[in-house]
Amino acid sequence: MAVTRGFTGRPRPERDPRLPPGQYDAGDDWPVLHVELVPDLPPEAWSFAVDGLVATPRTWTWDEAQALPRSTYSGAIHCVTTWSKLDMTWVGVSVDLLLEQAGGVRPGATHVLVHSHTGYTTNLPLADVTDGQAWLAFEVDGAPLEPIHGGPARLLVPHLYFWKSAKWVSRIEVLDHDQRGYWEDGGYHDRGDPWREQRYHGD
Amino acid sequence: MAPDRSPWFTGTVEAVHVETARAKTFTLRLPEPLGHRAGQHVVLRLTAPDGYSAARSYSVASPPTGEPTIDLTVERLEEGEVSTFLHDVAEPGDELELRGPIGTRFAWDPSDGPALLVGGGSGVVPVMSMLRLARAERRTDLVRLVAAARTPADLLYAAELPGPEVTIAYSRAAGPDGRPAGRLAADDLAPSVAPGQRTFICGSSGFCEAAGRLLVGLGVDAHTITVERFGPTT
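Residue numbers (this note's numbering), protein chains in the order written: chain A, 354 to 556; chain B, 4 to 237.
The following block holds chain B by itself, in its conformation from the complex (with noise of 0.2 angstroms):
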């Protein structure tokens, strides 16, 4: 069942976005919607004048909207050819090739039932898309969202981000609720689960397997848990 036509589209660079100092959003405008779920991704591909090409995965950090953009947020990565290519050449009017989306099981919506999104550092970008689906459609109270940066400066979508389904955890500074600085602890989930509910984890691999550790300890039935790692093949 070979499409007839190339899986690749272009997306086009409408504004870029600084979120931390590691940070940016691109918001690049498709051909058509994605019509993806929240916590999918696509892949991006760039192209060199010889033909090299170079393609990473992204999430998507915007909900299911039904408009033709999508954002997507991207930490450089120092060794990154991509990632180094989008925060320092990467401009509005910029068309990129993507394809997707992809994935299946870390996906998210109401319908699904009851969710705990737990995000480490850039984890927290496809669990964001979760978490604005469930805000656009009134149903946050489907939702707890746990939230792991190593500081205030570092935490993605900062502004947005707070509210009462949801619960920030800094490994190196105090919060603002008077919680000390520490990794992620099973008192700081604890408080977010609930009977039926289906957890995503996205993170480097340390993060998750310690996060999803605790869930377990937790009483959380591993087989509900979806991972999603961000490695480090920059």
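Only chain A is shown next, with the shape it has when bound in the complex (with noise of 0.2 angstroms):
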């Protein structure tokens, strides 16, 4: 990195070790940066699936979703725009739990693409979704997901920058490929970990 003339940055006593690099603590704001309108999602509406590399894909309503047993996330959430939030507890169905109840991957499945309600898609690899680090989300610090943040309901996954926790999720296709999202296609990394720094193709 070429120092650049003349600049210092902002003051930076002492950094938060929570704090991957290249991240600032965004306090209490919350950034809005989809790149679609919020869809107009009503229980009806909203329906989630798991398929493809899956034994038995199958598709949850609302009313089924909810009944599922929940569990937590307490940490930070990091946005590759840099800003970072400390201290969230979110409260989902794991992604373990929804393959599960899809029978299980079968052989040969590696990586996962991800829609939302929106036609947005955002892709992953498998061992990044399960072990307990992805969730289906539907509240955060004991409120249901606000719709500008993707609620009712988005996919979590805290230790990926979060572009790959879509907003408004409507299902998780598992592949034997990695197969590039919207923002992934648009030149983002495709796996996008943050202690690693990996915002774009190349990092």
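Each hint should be verified, as a subset may be incorrect.
What the hints assert, rightly or not - Covered stretches of chain B (chain A as the covering partner; in silico rule of three or more C-beta atoms under 8 angstroms from a C-beta of chain A):
1) 43-53
2) 58-65
3) 91-99
4) 104-118
5) 123-132
6) 219-233
It is worth saying that the hints were derived from the structure and are not from the lab.
No residue lacks a Cβ here, since even glycine has one placed at the ideal position from N, Cα and C.
Work from the hints to combine the two standalone chains into their complex.
Right under this line is the structure:
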């Protein structure tokens, strides 16, 4: 990195060890950066599916999804546009449980392509959405997830940059190959690990 | 397929042009043409002597021309460590690190067909790139642009923007056409809506959502609308 003449940056007395490189603490702000209009998703219009390379592809209605056992994630989220939010509490259904209810993944499964009700897509390695690392999230900080932040339900994959945590998620498609989604096709990284600053292709 | 060289390249500030009290346009000379599509953005990175760096995304205001220069129009945000540096410190001759172009769907050229372009505040920047391209290729028949600004003094590219394909709405001042001050309304958009258009909306999140809902109310299919939000990511 070449030093920029005259640039010092904002004061940085002590770096919070929970912030990955290049990130700052957004505090109470929660920026909104999706590429679509907020969709109107009343319960009767909402559905969620797991399909592709699973034993028994299946779809949940809103009420069915609400009846699934939930678990909690407490910690930070990191947006590729360099803000992070610390100390959040999210509640949702583990993707492990959803895959299990779809009969488990079939041999050869390596990646997922996640779809939204808006048509947005994002790709992730299967290993990043299993083993307690990803949720179908309904609540944040004690309240239902607001539509502007992806409510009534978004994917939550907090250990990766937040564009992977698709808002208004509608479907997890299990694949035997990596297929790029919306931002990945536009130059963003296929995995997006904030601790390795995997922001764009080639990082 | 990691590239064998850094994706970052150097842009040298060639000129700084004051657009409004809060916005400046920086013309940067690049090692080679950016190869962008109108509407795409770049990432600009500043690095301090201690290695601290800050990167932000900025839309390219200039159309693709084949020339190794781009214009970035940057609004000065009081809390923005990058925009305040660019406004208060950067001057011709300075070298800035860039990468890109970035973005796929918020991009247009005349071969894509008719387009409705809606920009609010600094959200005019990427749609200006599209309008400039249409004008350069003499295909303004394909584009309609609706720009929203607070007052005439806040309007970006005020001398260049107006034209028969452009509608301007001021929220806090009456327009020269007699339009009273007020937020963007369905009546501002309706004359520019046409069948077969793709729609590009750029601005603050609130502006994009409001403009999008107005268009959906006018019968525009939400799936033909692409939005780029300028969040408060200072």
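How the hints compare with the structure:
no., hint, in the structure
1, 43-53, "holds (count 6)"
2, 58-65, "holds (count 3)"
3, 91-99, "holds (count 5)"
4, 104-118, "holds (count 6)"
5, 123-132, "violated (count 0)"
6, 219-233, "holds (count 8)"
Violated hints amount to a single one, hint 5; each of the other numbered hints is respected by the structure.
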